[in-house]
Amino acid sequence: MPAAEKLPENWPETWSVVRDREDRHSVWPDDKALPIGWTRVSVSGKRDECLQKIKEIWNDPRPLSLRQAMADSNPNNGPVSK
Amino acid sequence: MNNFFVQPETKDSISVDSALADAPASHPLTLAQKRIWSLEQIGNNTVFPLQVLSLRWDLSIALDRIQQVLIKLGERHVALRTRFRRFAGGRIEQFCVAGDNPSIETLGSDGNPLTAVEAEQQRAAFISRPFDLLAGVSSRIQLVVSTEALISTVVVHPIMCDAGALSILRRDLVALIGGDALVPLDDAGLLHGAREEEWLETSDFTTALAYWRDLIGHDYNATTLPTRFNASGFAGAERRRVPFQLSATVWNSVKTYAGQQQLEADLLLSATFAVLLARYSGNYSLQHGVLLTNRSNNHSRQTICRNEQILPLRTELASHSRFLDVCQAVSDAIATGTRNLVPFERLVQEIQTHEEREQDAIVKSLFEFRDPSFPSGPASELLAALAPRSDVELALIVSPNGSGGLDGLFDYAGDLYEPALIERAAVHFSRILAQSVASTSVRVKDIELIANDELDALSAPYDDDGINDDRPVHEHIAAHAVRTPDKTAIIYADEVWSHARLDRSANRLAHRLIKLGVGAEVSVAIAVKRSPEAIVGILATLKAGGAYIPVEPDHPTTRNHHILRDGGVKVILTHSWLLDRIPEGLDAIVLELDKLDLTLEPDTAPDVSVHKDQLAYIMYTSGSTGLPKGVAVEHGPLTHHIQNTSRVYGMSEQSRELPFLPFSSDGGHERWMNPLMEGGSIILPDQPLWTPEETLTAMRKHGANNASIPTTYLQQLAEWADLTDGAPPMRLYSFGGEGLAQPTFDLLSKALKSEWLINGYGPTETIMTPMVWKVRAGQKFEGTYAPIGRAVGNRRVYVLDPNLNPCPIGVTGELYIAGEGMARGYIGKADTTADRFIPDPFSKEGGRLYRSGDLTRWREDGTVEFVGRVDHQVKLRGYRIELGEIEAALLQQDGVGEALVVLRDDEVTKQKMLVAYIVPKQGQELEVAAIHAALDRALPAYMVPSAIVPLKSMPINPNSKLDRFALPAPTPSKRTIIEPDSAAETEVLEVWEQILNISPISVEDNFFAIGGNSLGAIRILSALRQRKPQNRTTIADLFNNPTIRSLARIVEAGNEQAGGEVIVLRAAGTRPMLYCFPGLLVSTREYVKLVDYLGADQPATGFICYSLSEQKQIGASVDEIIESYVDYIRGHSKGQPCYFLGWSWGGLLAYEAARRLGDEIDLRLITMVDVCDLGTEFAIGSKPRFRPGERDQLHLTVQDWLSQTAMRAEWDRLLGVMDADTYDQFLRFVGDEKDELPTDGPDISSREHTFWILIDNALIFRRHQLQPHNVPIHSWAADDSLNRGLNLIDWRRYSPLANPAEIISGTNHLHVIGSQAFHTRLAHRLNEAL
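Top line first, the protein sequences correspond to chains A and B.
Residue numbering for the first sequence follows the UniProt record's numbering, starting at 1 and increasing by one per position.
Residue numbering for the second sequence follows the UniProt record's numbering, starting at 1 and increasing by one per position.
Do not take every clue at face value.
Stated by the list, open to error - As a list, the in silico DSBU-like pairs of lysine-lysine whose alpha-carbon atoms are at most 35 angstroms apart:
(1) 912(B) with 46(A)
(2) 1089(B) with 55(A)
(3) 487(B) with 55(A)
(4) 32(A) with 612(B)
(5) 612(B) with 55(A)
(6) 55(A) with 1183(B)
(7) 32(A) with 921(B)
(8) 55(A) with 750(B)
Derived by calculation from the structure, the hints in this document are not laboratory data.
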């Protein structure tokens, strides 16, 4: 996906790692109001640095609701039974 | 009457030199004045509107008081009583005489006033009356006495007045009425031209010019608002206007803010325009212009004259620049530019020097602030609508109005800009201004152009009132097995699967999978080809709670191995014969479906429930580089997406769909799930590809009503259906995967007999087909590709700039998709997921936006148009090029089935170049040269690929998408060299090789294709002449026989065949013959590009330029020259319709030939291209001026030169026919030449020979006098010729059927004939005259 490598020339300098209610992670520029539903994680820096950090800290891709549902129904992560 | 041709002894009243012999000293015009003169000359007096000052006076002011004051005004300002004088040859000068005041027309009187309505009628009629600058003074004045007021109107010709001057006039008039004394004025306005001429010779000018050359350079990109699709940058004459207003509140807050920041208020307006351009163009490196009033010193603040100047600005902004930084940048650029001010007309000439290609305008968008400073007291102004100069593509004027606010006006070239876009730009200008002055920290990117409600409407999905059912897809499908168990679900070759059979099979396998450990978040690979078994495997996986991963067994093993490992596959479903495709060492269970015994498994659904966030599938997508990434999609958004799609597509249990999309793309899965979820059925192809015939047969046989087909294949299908008329009637075709151009869409519409067509679009990351454009067949769209429509379901789509600001309609930005319908992310790639799926700033509940990497724009109807990939837009020589646009142009050529354009490095030169790859339609051959020529016509030169490479098929990656990285480098095509087979051919070949300096040359190579030009042709002929003095071969012979083989035949045949003067440019065609008359030194060959453009139906004939012809004689008259042309035309077109085209002096020949032929031919139109007169030098009666001693010095120089030149005899003959006055003119001409007199003759290609021809021609034409003749004439002028003030002929003076000339911008006298802008307009006029 080469578009990802070709960053817009005018992107801002500092970004933060952000997270939503389902523990999905992303990045957001510091100079722009944070969208509803997202909070800043205490990591900021260049965009790439933030993405690198996400690679380290976001280990479970499942949304939080699913994690909880799976944990509730079966400690072995089996299917969610009726 | 054209007085340049008038003989001095005739008693013509406009023979100005003699009539005005006693007139006072006159002065040259400035460059700006010359341009206005030239425009008026060619009948174009709308570019610079008349300057009008209308004041309404209280009846308390006496009529005679106003009259006296108006007289004083005329006495004070030279510009109101300037006259113009044309010298023989056309030089124009200006002068004035004391007491020669403009007349004051007074209408009505105190005793007999006009009604208000009459007064207004009279005023309007007075204003619109044209000027004749050679017959009167440069202004006129009207006084109207009405029952309500006295109205004074002063109209000044724009050649003497601009908006700034009008303010002075207003101020002076009001002051005089008030009895105030005016500052004494030493009016030197008429000297500006002379001063400018002097200044242009100084080193100050050279320095200033160097500044601009450095600043603008060669590869500039003038900023403007986005132009219409296919406008190709050719502005015609039509102008449109969008007026708008800003309230007093806004203007007051701007003034307050300016005061606080110690800035001029108009600078804020100018900066606002810069911000508008940046936000609309997406380019923060701006090049635009401002109109300078240029009245900073005391003299210019008192003098009426034309002083305004277009000042180009280069400003480097950034989206994070504060508005105040923008003000600073604009202000700095204006300050530096003003210090280096060069007349814009001259600047354009100096910058636009590229020989071959048309050059873009230096300034395409112009800002002008006008401050009228309203009169107070007894007068009020009758304001006319803002009237701008209209010589820039797009101009914005802002001016304070009488009600304390601002009037704004966009004036633009109607051909280039969409009116709705300009109207929105006007709204956005106001928004930018209002937001910018709200605080001191506003940055360009903080400004919101799009209001919330507009964004809401633009981003909205298809209307869909249906309520989604949260059950997962497989449960919906299973429900039909209960309701309609025996109904057909799948037709596959000769198998027919009922809903019940499908469900029971899936249930049994699901039970087995559960036993093997498949459950939530566990993935199962479906490694079988597209078949009912594959669908069983998928449904079983979903029923078990797992996530399926389609693996196409035919795909490269390295790719499949990567997927199986990366996807963490627990179970692999395959067939025994595919086992060798499964890598070893995987921690996965392999189930061979053909060997599996499931009879003991229950055929009821397993008791498994799925969570909405649980994974349903993982789809691997290929990027252009690197390994495929797994896109993970959850159940909730999937089932909702398909239910929404069902409603948009109008699916039902009656639906029987032929899904042709491969299972390796998510779209392929949508198209089987959807009918089955509705209780309908599918016809599953049993092979990856069917022939079009097989597909149509299957549709007919099984009664398909829907089909979903990749765009690339659909085109083949439609071609076949068109050929055989074999398409069954269908309810719906859906397609997607590649951009779809209008011709293809038309073909689909026509050939497929479908009620609906759906163009689907969607990245895998936003689940299957998140956007569709659903239309009836036959729909037209503007744009490179068919629109991709709107969002489907619970999604929104946004076109955003890099700062995530929504783009206005028509502005290109990246497509972002928001809402529920998107993937969880990429398997095992948290960073890439975070990079592409970002927080949604527009959502009220919180959500994510997917960044698509696709460039798009919103269309007027709010649907989205695909423009290209973000990484598919390239920059070459300063131009931003959208490769898709070139591809679309290729696809419009006959026989081209697929097209792809890339920017790559030339392997030899290492320079970037555009390379096009084309694949023919089935069974067709491609002619690369013809396609190349067609692109030359269709695209701006910078977009025409350097090479076009024909391929049998496009390289395809495993997902049936084009693989740009597997394209071959273009190789220079190998020419076959055919050796000469006669002595004559050998001789001609030797001459060609020697003159053209290339080897080897094939005897069948076309002279022009291998780089030959007119000069080369002349040299070849003179070399042949040297070898064979009796040879009569002419340049026409070479042009008509442009290969060595054919030319040698003519040379050999000798005098019988050779010696033609006529060039057949195109022999046949149904349209009237176009006769092309040659200019002074150019040959008819220059018309070839034009004739190419006009197409195969337009026959054309050219005549050899007289100076190159064999009949050339000293002192021939125009009548003698046209003799052979007239004979030829009479012989070939007697009584027939035909057109004439005359370029440069050829225009005079064309006109004379037309006059001579009269009714003998049916002449539909003469087209005149930049036909100008000789200039002043050799006109009869023109008396050259010499400095003291200069004449004698020049005479000595000429005598000295004559003693050295080898052309002495020729020169003597020429000088021998000159009388004393003409010889003086010749000396003047020599004195004005920058270069030394040439002595390189007599070779036909030498400078000296050219010089000789020039003088000879001058002597021919000076004796010729044009006579009136009724003939339709349309003429064009090169912009550069106007800037140079060349002496263009206004044909309306000779024919009542002549039109005012149109201006061709970005080109000059020499290159206008090859200009595409000219070609398009000529074609248009020829059509009109047909």
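Verification of the hints:
1. For the suggested pair residue 912(B) and residue 46(A), the alpha carbons sit about 32 angstroms apart, so the restraint of at most 35 angstroms is met.
2. For the given pair, residue 1089(B) sits about 59 angstroms from residue 55(A) by alpha-carbon distance, which is inconsistent with the 35 angstroms threshold.
3. Between residue 487(B) and residue 55(A) the CA atoms are separated by roughly 49 angstroms; this puts the pair beyond 35 angstroms, and the hint is violated.
4. Between residue 32(A) and residue 612(B) the CA atoms are separated by roughly 32 angstroms; this keeps the pair inside 35 angstroms, and the hint holds.
5. Distance check on the hinted pair: residue 612(B) and residue 55(A) sit about 25 angstroms apart at the alpha-carbon level, within 35 angstroms; holds.
6. Restraint check: the Cα-Cα separation between residue 55(A) and residue 1183(B) comes to about 86 angstroms, which exceeds 35 angstroms; the hinted pair is violated.
7. A C-alpha spacing of about 50 angstroms is found between residue 32(A) and residue 921(B), which places the hinted pair above 35 angstroms, so the restraint is violated.
8. Among the hinted pairs, residue 55(A) with residue 750(B) is inconsistent with the structure: their alpha-carbon atoms are about 52 angstroms apart, more than 35 angstroms.
Checked against the numbered hints listed earlier, the structure breaks hints 2, 3, 6, 7, 8; every other hint is satisfied.
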